[in-house]
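Working from the sequences, and respecting the hints, build out all of it.
2 protein chains.
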Amino acid sequence: MATALPLVRVDGAACATPADAIALSPADAEPIARIFKALGDPTRVRLMSLIASSEGGEACICDLTAPVGLAQPTVSHHMRLLVEAGLASREQRGRWAYYRVEPAALARAAGFLRA
Amino acid sequence: MATALPLVRVDGAACATPADAIALSPADAEPIARIFKALGDPTRVRLMSLIASSEGGEACICDLTAPVGLAQPTVSHHMRLLVEAGLASREQRGRWAYYRVEPAALARAAGFLRA
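Residue numbers (full-length UniProt numbering), protein chains in the order written: chain A, 1 to 115; chain B, 1 to 115.
To be clear, the hints were calculated from the coordinates, so they are not data collected in a lab. Heads up, the beta-carbon is just placed ideally off N, CA and C, and yes, glycines get one too. Among these hints, one or two may not hold up.
[Said to hold, decoys possible] The calculated lysine to any residue pairs, modelled on SDA-like cross-linking and capped at a C-alpha distance of 20 Å, are: (1) Lys37(B) - Arg34(A); (2) Lys37(A) - His78(B); (3) Lys37(B) - Arg80(A).
[Claimed, not checked] Facing chain A, according to a computed beta carbon distance under 10 Å, are these residues of chain B, among others: (4) Ser25; (5) Pro26; (6) Asp28; (7) Ala29; (8) Ser49; (9) Leu50; (10) Val68; (11) Leu106; (12) Ala107; (13) Ala109; (14) Ala110; (15) Phe112; (16) Leu113; (17) Arg114.
So, in structure tokens, the structure goes:
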């Protein structure tokens, strides 16, 4: 499970002054930004929604192309970016690739947004 | 308050099949993707964290440059992108701009990530 990185630092919130406020380190910010960057595209937002709403939380690449109106190589490209960011997992079964949403990456991103 | 757009469509989750699964419309996905895109950069992730952890939830541009180690024009550029995405608000007071985090945009993004 990913470590939650709350937007508000609980440990210093009560006594922080502007000069004291501490940003996340670059090392902590990098993986969070990578997840958000992967989600920063309308097609990828739609693909994530589509996979999460599919039966069993899993979708074949063959069922993803029509709903987003794009050719399979383009959808595969978007899915590769989501997999690389840890937001989805991919399993090859015979001719087709099947994708699932990865809850840990979603939780990490949601943890950052928690006010 | 922004409308939550859950990753899993509650209305169709019980009976969805891969062929029936419906992605968010482009119109619904666009504003969500815009928020994630603005957060898809380590410096902007750090600036959001820094502002949220500042006293009173507000930070002067003059206090944001040193923690992220960037010149003021560069920080202003990043802050403009966050303001344009609705993630932060800006108020000019005399010489300095002051920024706040906008909870509605955070809630909208978090709503999408809710599994």
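Going down the list of hints, with the structure as the test:
| no. | hint | in the structure |
| --- | --- | --- |
| 1 | Lys37(B) - Arg34(A) | holds, 10 Å |
| 2 | Lys37(A) - His78(B) | holds, 15 Å |
| 3 | Lys37(B) - Arg80(A) | holds, 17 Å |
| 4 | Ser25 | holds, 8 Å |
| 5 | Pro26 | holds, 6 Å |
| 6 | Asp28 | holds, 9 Å |
| 7 | Ala29 | holds, 4 Å |
| 8 | Ser49 | holds, 5 Å |
| 9 | Leu50 | holds, 4 Å |
| 10 | Val68 | holds, 6 Å |
| 11 | Leu106 | holds, 5 Å |
| 12 | Ala107 | holds, 8 Å |
| 13 | Ala109 | holds, 6 Å |
| 14 | Ala110 | holds, 4 Å |
| 15 | Phe112 | holds, 7 Å |
| 16 | Leu113 | holds, 4 Å |
| 17 | Arg114 | holds, 7 Å |
Of the numbered hints given earlier, the model fails none.
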